[in-house]
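Chains A and B, in that order, are what the protein sequence lines are. Quick note: the first sequence uses UniProt numbering, first residue 1, plus one each step. Quick note: the second sequence uses UniProt numbering, first residue 1, plus one each step.
These aren't lab readings, by the way, just hints derived from the structure by calculation. Keep in mind that a hint or two might mislead.
35 Å max Cα-Cα, derived DSBU-like pairs, lysine-lysine [claimed, not checked]: (1) K9(A) / K9(B); (2) K335(A) / K9(B); (3) K148(A) / K65(A); (4) K335(A) / K284(A).
Computed from a predicted structure; not experimentally measured.
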Amino acid sequence: MDVTVLIVKGIIILVIFGITLLIATYSTYAERKVAAFLQDRIGPNRAGPWGLLQPIADAGKMFFKEDFIPSQASKWLFILGPCLAMLTALMSSAVIPFGDSIRFAWNKVNYDVAVQGIEINIGVLYIFGVVSLGVYGVMVGGWASNNKFSLLGAIRAASQNISYEIALGLSLIAILMMTGSLSVRSIVNEQASFFEWNIFTQPLGFIIFLTCSFAECNRTPFDLPECETELVGGYHTEYSSMKLGFYLFAEYINMFVSSAFISALYFGGFHYPFMNEVSGLLEKSLGVVAGHNVATALTVVVFFAKIFFFIFFFMWVRWTLPRFRYDQLMNLGWKTFIPLAILNVVVTGAGLLYNFKYSSWLIAIVMIVLAVTSIARTPKREPIPQKI
Amino acid sequence: MTETLNFFKTLTGTGYLFLGLTTVTLFCAIGVVTARNPIYSVLALIATFFCLSGHYILLNAQFLAAVNIIVYAGAIMVLFLFTIMFLNLRKEDEESKTNLTKMASVVVGGLLMVMLITIFRAKSAQVPTVSPNSPFDSRTGLVEQLGNLLYSDYILPFELASVLFLVAMVGAVMLGKREAGDRHF
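Please build the complete structure, drawing on both the sequences and the hints.
Here it is in structure tokens:
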């Protein structure tokens, strides 16, 4: 029996691994298509139908390029950098609950295996541990290149990641207080009914988390570590061939994983409205085992739909907003998000004392009122008369 | 020889894990001291922290393992690496290894060793015994238990430690603050 559970778990882990890589691969294609759409172009359309083979062609190109290691670079660390970036990016998908559970019958007993790599009771802390390690790939690679621009890029990336990690953690603490558990699956299960999704109970925490995850993924408007105008190529200036490919690929994996976490923590994970009714109907019509598995497949589909929406959102923002200046980025992180996140924790805690879950809206409403009044109080600029 | 073989035969899977982890830990820790380049030294220290987290997991202390990684490997060592990277931009300086520093390090190391031996001898006199009346609790070391203990039995030391951190933070901000008239860089 244990062996069967192990085999099912092993298959799930392999499938998650494969899907992560597949989605990261096609994110590069999607990014170019979305960019083309937003800029009124066509985008890649030569390799295969609709350019669908473009990522594979890109990967082939990457592999066949010359793998160059600068002579003054520290060789092993130069190789270790992209490996670390890839490793930490792939590790974090282990604790995401992708769906309900797979049921199979064994000796007339039904066993449920959760669609999740591993279920540990410190899931959220595990994510933090892996996220905080992500910066090593960038730092080690940047330093080992023995190039000033790489080093500056690496140091920017490190300070940005450290700064935004704090606000990221603090915004999550409000959710942990409401759930009373560190396990991602129990956080997801807490959001079973639609109006208890954390986006409705924690709107401010969601905005902070979303922005911080942009910063953690080094995506525009926070892509200062690879700011071309100031730093040539940032921390991967000296990299070529598939080592560069790994760095770029790790960014897309990070994007996928953070989209998954945003949907799991704030958008109900694999839950959708009327989920219990649907699964009840399915189990009645298809039998307990098959019906349950079909219902699980539905939850997985719903979860991936949410993930794809957020991946699209990441790209949408990238091609819409310009980059911040570095001091603006630091001010936003330390002087705006961290105090706001602490305030959010305090207000949520006060609300929970009286069993009121939606107290975070108080801050949101006050902020909206302040913003509206400050806009209303700014003196209107006289329209410049048009000379004819 | 046969004794060692028998010892290895009696070990369980956990025992082998422990032995392997301990070997790796020791090698990494030696690497911290012997590495010529400070960057390699820091990386070896990070590896040591990972092995220590492995030991915590073997002791069923998942929370401690995760926090060890987050705080030490994820935050403190990043700052170390940061500083060393900036230092390393200049030429290698060997001037810090004068005779005086060597003497001082020998004295400090010797004192630490004496202290460790004393503690070890005092502790080994009273080996904790597992009584069969108190069964093994698989929840020991998990977050809930730890939180309950910290906020009930150990509330005073816990709060004092957090005040200490706050004081250190305020002090760091005060030291790092730019005074009026200072140069920007």
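*If any of the earlier hints don't hold here, list their numbers in rising order.*
2, 4
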